[in-house]
Every structure is written in structure tokens, then in C-alpha cells.
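Hey, can you work out the whole structure from these sequences and the hints?
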Amino acid sequence: MIDEQTLLQWIEKKRHVFGGPYDDSEKEEDIQKYEGALMMLRLLKQEIAWGHFKKGNGE
Numbered sequence: 020m021i022d023e024q025t026l027l028q029w030i031e032k033k034r035h036v037f038g039g040p041y042d043d044s045e046k047e048e049d050i051q052k053y054e055g056a057l058m059m060l061r062l063l064k065q066e067i068a069w070g071h072f073k074k075g076n077g078e
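Using the numbering used here, the letters of the sequence shown map in sequence onto residues 20 to 78.
Think of the hints as simulated: they come from the structure by calculation, not from any bench. Hints are supplied without guarantee of correctness; some may be wrong.
Stated by the list, open to error - Have a look at the derived ranges for each label pair, beta carbon to beta carbon:
1) ASP43 to LYS74: 40 to 50 Å
2) ASP42 to LYS73: 11 to 21 Å
3) LEU62 to VAL36: 37 to 47 Å
4) HIS71 to HIS35: 19 to 29 Å
5) GLY70 to ASP42: 36 to 46 Å
6) VAL36 to HIS71: 14 to 24 Å
7) LYS73 to GLU47: 18 to 28 Å
8) GLY55 to HIS35: 18 to 28 Å
9) VAL36 to LEU60: 17 to 27 Å
10) GLY70 to ASP22: 26 to 36 Å
11) GLU45 to HIS71: 38 to 48 Å
12) THR25 to LYS46: 16 to 26 Å
13) ALA68 to HIS35: 14 to 24 Å
14) ILE67 to ASP43: 35 to 45 Å
Stated by the list, open to error - Below, a list of computed lysine-lysine pairs in the PhoX-like style, where the Cα atoms sit at most 25 Å apart:
15) LYS52 to LYS74
16) LYS33 to LYS46
17) LYS52 to LYS64
18) LYS64 to LYS74
19) LYS46 to LYS74
20) LYS52 to LYS32
Don't be surprised by glycine CBs; every beta carbon is placed ideally from N, CA and C.
Okay, structure coming up:
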């Protein structure tokens with residue numbers, strides 16, 4: 020499973036890639052995909068935490 024730290028590292032690595040097989044639009048598209056995955060991971064973790072909180076309070 021990919022964790023938050025790994026996604027942050029991938030984003031930083033993509034931002035610092037110059038030249039190579041990627042043009043700027045492809046690079047930006049990849050960064051947006053990683054940022055979207057990071058946001059989804061954070062939301063999922065928040066939902067899980069909220070579920071445990073509600074369950075712990077007997078609701």
C-alpha cells in the first residue's frame with residue numbers, strides 16, 4: 020500500500036525533473052494525479068478516524 024510520505028516524495032521528485040521523456044504538461048498531469056491520490060488518502064484516513072471516534076462514543 021502506498022502511504023502519504025511516499026506520495027509526497029513522488030510529487031517532489033516530479034517537480035524537480037527537467038527534460039527527459041516528459042514535457043511540462045505531462046509532468047503537471049502526473050503531479051496532479053499524485054496530489055489527487057494524496058488528497059483521497061487523507062480523506063480516507065479522516066473517515067476511518069471519524070468512524071472509530073463515533074464507534075467509541077456508542078453512536
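Cross-check of the supplied hints:
1. ASP43 to LYS74: 40 to 50 Å: Since the Cβ atoms of ASP43 and LYS74 sit about 46 Å apart, the hinted range of 40 to 50 Å holds.
2. ASP42 to LYS73: 11 to 21 Å: Taking Cβ atoms as reference, ASP42 and LYS73 lie about 47 Å apart, which means the hint is violated.
3. LEU62 to VAL36: 37 to 47 Å: violated, 27 Å
4. HIS71 to HIS35: 19 to 29 Å: 37 Å Cβ-Cβ, so the 19 to 29 Å window is violated.
5. GLY70 to ASP42: 36 to 46 Å: holds, 42 Å
6. VAL36 to HIS71: 14 to 24 Å: violated, 39 Å
7. LYS73 to GLU47: 18 to 28 Å: violated, 39 Å
8. GLY55 to HIS35: 18 to 28 Å: With a Cβ separation near 20 Å, GLY55 and HIS35 satisfy 18 to 28 Å, so the hint holds.
9. VAL36 to LEU60: 17 to 27 Å: holds, 22 Å
10. GLY70 to ASP22: 26 to 36 Å: Violated: the Cβ-Cβ distance is about 19 Å, outside 26 to 36 Å.
11. GLU45 to HIS71: 38 to 48 Å: holds, 40 Å
12. THR25 to LYS46: 16 to 26 Å: holds, 18 Å
13. ALA68 to HIS35: 14 to 24 Å: violated, 32 Å
14. ILE67 to ASP43: 35 to 45 Å: Distance hint for ILE67, ASP43 holds at roughly 36 Å.
15. LYS52 to LYS74: Not OK: LYS52 and LYS74 at ~33 Å, beyond 25 Å, violated.
16. LYS33 to LYS46: holds, 7 Å
17. LYS52 to LYS64: Roughly 18 Å between the alpha carbons, so the hint for LYS52 and LYS64 holds.
18. LYS64 to LYS74: holds, 15 Å
19. LYS46 to LYS74: violated, 42 Å
20. LYS52 to LYS32: Given that 25 Å is the threshold and the Cα spacing comes to 14 Å, the pair holds.
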